[in-house]
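Novice: As given, the protein sequences belong to chains A and B, one line each in that order.
Numbering-wise (the UniProt record's numbering), the first sequence opens with residue 1 and increments by one.
Numbering-wise (the UniProt record's numbering), the second sequence opens with residue 1 and increments by one.
Honestly, the hints are just simulated from the structure, not real lab data.
Please note that a few of the clues may not be correct.
Identical copies go unnamed one by one, so any copy, or any two together, can satisfy a pair.
Claimed, not checked - Computed list of lysine-lysine pairs in DSBU-like fashion (alpha-carbon distance at most 30 angstroms, straight line): (1) K85 to K59; (2) K209 to K326; (3) K37 to K85; (4) K454 to K502; (5) K133 to K448; (6) K651 to K59.
There are 2 protein chains.
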Amino acid sequence: MLNKSIMDGDNPDLTEERMKGTFDTDEMAAVIYGSEKLARRRREISEAISRIPELADIKPLPFLDRFEKVTEGSRKLAVIKEHVKELIDEDNYEEGLHLYHEVMGMEGHPLALHEVMFIPALVAQASDEQHKKWLGRAKRREIIGCYAQTEMGHGSNLRKLETTATYTPATQEFILHTPTETALKWWPGALGKSSNWAVVVANLITNGKNYGPHPFMVQLRDESTHIPLPEITVGDIGPKMAFNGGDNGFLGFNQFRIPRGYLLDRHAKVEADGSYVKPPHAKINHSAMIRVRSHMATGQGALLAHALVIAVRYSAVRRQGFLEDKSREVKVLDYQTQQHRLFPSIARAYAFIFCGFETIQLYDQLLIDVKNGDTSGMSDLHALTSGLKSVVTHYVGQGIEQARMACGGHGYSMASYISEIYGVAIGGCTYEGENMVMLLQLARYLVKSVEQIKTGKSMELGPMVAYLAEPDTKVDLTTGLAAYVKVFQHAARRQAWKATDKFHKLMESGQSRDIAWNNCAVELTRASRLHTRLYIMETFIRRVSSISDIAIKKVLIDLVNVHVNYEVLDIGTYALEHVSSTQLDSIRSQLYSSLDTLRPNAVSLIDSFQISDMQLRSVSTRHTDTQTDTLIQVLGRRDGHVYPNLFEWAKASPLNQTHVLPSVNQYLKSMMDKAKL
Amino acid sequence: MLNKSIMDGDNPDLTEERMKGTFDTDEMAAVIYGSEKLARRRREISEAISRIPELADIKPLPFLDRFEKVTEGSRKLAVIKEHVKELIDEDNYEEGLHLYHEVMGMEGHPLALHEVMFIPALVAQASDEQHKKWLGRAKRREIIGCYAQTEMGHGSNLRKLETTATYTPATQEFILHTPTETALKWWPGALGKSSNWAVVVANLITNGKNYGPHPFMVQLRDESTHIPLPEITVGDIGPKMAFNGGDNGFLGFNQFRIPRGYLLDRHAKVEADGSYVKPPHAKINHSAMIRVRSHMATGQGALLAHALVIAVRYSAVRRQGFLEDKSREVKVLDYQTQQHRLFPSIARAYAFIFCGFETIQLYDQLLIDVKNGDTSGMSDLHALTSGLKSVVTHYVGQGIEQARMACGGHGYSMASYISEIYGVAIGGCTYEGENMVMLLQLARYLVKSVEQIKTGKSMELGPMVAYLAEPDTKVDLTTGLAAYVKVFQHAARRQAWKATDKFHKLMESGQSRDIAWNNCAVELTRASRLHTRLYIMETFIRRVSSISDIAIKKVLIDLVNVHVNYEVLDIGTYALEHVSSTQLDSIRSQLYSSLDTLRPNAVSLIDSFQISDMQLRSVSTRHTDTQTDTLIQVLGRRDGHVYPNLFEWAKASPLNQTHVLPSVNQYLKSMMDKAKL
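Extracted from the complex, chain A is given alone in its bound form (with noise of 0.2 angstroms):
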């Protein structure tokens, strides 16, 4: 069978989308994934965890507060530590991803951080003999750690960090401070509870002077016994709208006194006399920030298909109303609003793969040519990533809203686990760089391009924004994909042209330049938009392109048709030049038979995520006399067997542990018998 979901037992509506697909689950999984071993080792894997029953959830995580949350993960670090070697290739880092996605779930946990942000910061920051002193540490995780930038009145002006680190040559300390409560450290992962060190980032001030923010090695907490170092003021910052598995902190500094040595100083120094010994080049390195943007638009769009895989295998097995045949009623996924609700986004969960997969390959080229002295390519890929981070964000939380609503009622309980990952994927708007901010750091870089362009240097463009300087020609969208790659551009375009006039004319008429910047500024978010929109498009046609498999190239390129009538209807006004309403109609009409055409391979395509029961979580394991180790899955569960277990989960949930809540007996049976007297 070309779907390899299909298992016996299963509830057979979904044996029947299954059967209708049209290529291999495996085939797909390998495109996706980039490789057929990675997504054979992806499986594997997720077997291989399956076996161990101490990597399970101890009960579904909704059922669980935040104390048994961290609980939870801290206690599943401990087991993932002892099983490593034998679950994955830890040199491997998908592998390792895989794990940890695999059995920590999304929620966050106590290392959450030290991984890939402590030990990196070390790596990059700290000299030589620092590394001999903390890194070995840190990886054989003698130590937790965290990286603490963000205060509570400071995000994404870093200038105006207030945290201070004095250096008193006397002792050879520094003496770091936090002069008022905006000063708080707020926000860094792991740090409220769980790390005893972090990298903190302060102002450097020596000899009465102000170098700006760099970052401090500093230990928190006592070694043996845990306790906060005096002086020290580290906490949590209270529940968030998700990742409650995690201990977001708080720390403040009341004069507390490193030793000189304790300033990460790969790059910058300070000698015994206080003497500030500046960094060879101080050109800005955005590479930290293009990597986990790059990675953003992978991880966002593996978001996004967890909800459909949920909503989508849903909509096979609910049945409601009447079509044809009055004598059933019909699936859900049957309603082309419930497929207009969905299958553009599935066309977008691969499209947002697809491109952070591209991205990380661009970072991973251009790493070579920085090496190589060639840093040209730098601002066109900070640029990029920029927005696409933006961009994928904001449809990654929308499509999960809409594929949670798909589920009618029950996708408002935490049975189908939706508003949780809508509340982990949504954070991505705001963490690593705001989406506004984002947006107008792109259109910095496009209204610097469509000036080149004026000036005569578009041969000076970097390759994505070539476009910018095409003329603009006569497009007839019965032509194929092109052309709707051609309307979009133009639309972009004219966008970042017209934003780029409006800048110029406020100058002119005796704005400043950051008064005008601010005028245009929704104009300008616009074209960064469909600058980054139109990247999307073109990479996920290119790959599709690329697809040598005629049953997977077929489907991909109806997924394709799907996603630009969607995209192009969507930024109609932006391309008037080009579209009339008329053949707005006429696309409209095309996205509705693209949908009808995917219809059948719908659930194939979401199964191709191959993304576990285990992964979707709403996991739990079932204690009854004679076993211990069912697993109950919830709406999304691969056999499709949503109703008893939805019931199971509901049963097991903690306020039916009595009959009685003792709060009826406290407060509501006494109002009860009181009026009846």
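Could you slot chain B onto chain A? The hints should help.
Specialist: Just chain B now, with coordinates in the frame of chain A:
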């Protein structure tokens, strides 16, 4: 001072904003709430509540687990009962509503369905004799009830409910039974743990014939022990996206017997011998649904207002980055992108609240008409409220999330409380009629209207669809608001006709009515949205035009200008016959200048909602050595002192009860210790 929220000791950033306001916020509140008296009573009730410490939340609600939330709700119900007479006029619906909103919050409580569903169901469906038996008991709260209709497998399609009530003449009883798991009652509010009685909807079967869904009065739990009666399975359905202070429940019957007299028989009866007596007229009475949906527009508008109060105040206090003055960071409210995120939502909040009040008035008029035998307005209003419910909930959800993101990182903390408001509001997209289903109900009415016009019966059209028959005339957008309405009418008319034509053509091509309808469904929902948004725009303009106070009218016209420019831009592609690419550009410019015009009144406009700090939640009693009654509020607080209170809030949060979490000692310390060996 015009802005009545100014007090000594406030954050000067907020006071500065309030001083700029050009209108009296008390007078605006009177406009928002429909009368000076109600606006004043709201303030008085809030003030009186704040003087009763037992009515305050014992802790910030986000710190509580579900047990604690349900307990807190029960506790407050008891306190309210003691004080209700001194706080409000119990006969005044709005005063009661305000009291409950303020004290109970929005997360649900054990009596949430008793007053709004259970008692109205008894009133409408029980006979006079049954009223004597149960209505007094319910009103005195001797019993707690709910309304159980939806089943696990059956929502919108009532005809497919599975629960049966089979009459047995031998014992003169109905036997209630749940034949399958999907037949379990699922979702009813307050069913899980609180209610001891319920109105249950089941298929009435007598003499071998199924007469479809009928309401039955059913005792669920023993009145003295509160333990579920034998053959009844009842419990809580588990955690949800929000409303976790409420105990939505499941309910199953195993051949459970109730007396014949427990069929609520105001309309239909079953005689002792089992013969069924039809209700006098079988016409469906939509009035209960119309009432609930009318109130939803106002209630949802208020939820959007909550989020905006928080986001706009915080944006006036949060400073980040620079514009002209490089000596101090600017308020983020000065960024055009921030204004574009927030101000169109302020306009919508006003528009939705005004719309809600207008439909409530239309509903009251309808009740009078129906009493006088005129039911002609019923379908008009039913269609309107279906669309309104759907459009309003969609944009309210969107607006709340934008408000949250406008608060940056702190918006993501539960200290902002906005994600809870979002969770509560977004449920409205699904309950009381899923939005897509609602839009298609309205579409049925629109298609019928177009068909009437086509067959020369335009004279029979209801007033709300009269524009569908009007000829298209040239529009000059520079002539003011009326022209914007004309553009919108054109768009709504064009889409309604286009969708109807498509529907007819598909039927002519041989598709059955149901299949053809499904193949036009997305186009039909587009028609419904445009129709509804047109109504909202017209109502907003009409309401503002009727205002006599010059200062109030002036700022509301500014708000209308934001609204109409934003709306017409958004639906541009549906009105290309009247708006060119150049005109859209100029509407964009007008939108930006309308944001600019509104800027000085932004804070006063949201202050005018007069939502107290308590109603905004994140309220807490702070326990210090000397006092236990200081309220702690965070991001949206009236006084603008955000940062110190954010710190207090975090310090009080559950994870900070100890320096070292037990899970650290249990798992993480041993991991670190082992690594050191």
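Novice: Taking the hints in turn, state whether each one holds.
Specialist: Structure-based check of each hint:
1. K85 to K59: Within one copy only: 26 angstroms inside, 45 angstroms across.
2. K209 to K326: The answer is between: 20 angstroms across copies meets 30 angstroms, while 81 angstroms in one copy does not.
3. K37 to K85: Within one copy only: 18 angstroms inside, 72 angstroms across.
4. K454 to K502: Answer is within: at 14 angstroms inside a copy they meet the 30 angstroms cutoff, but 47 angstroms across does not.
5. K133 to K448: Intra 44 angstroms, inter 79 angstroms, cutoff 30 angstroms: neither.
6. K651 to K59: both (13 angstroms within a copy, 28 angstroms between copies)
Of the hints listed earlier, the one the structure fails to meet is number 5.
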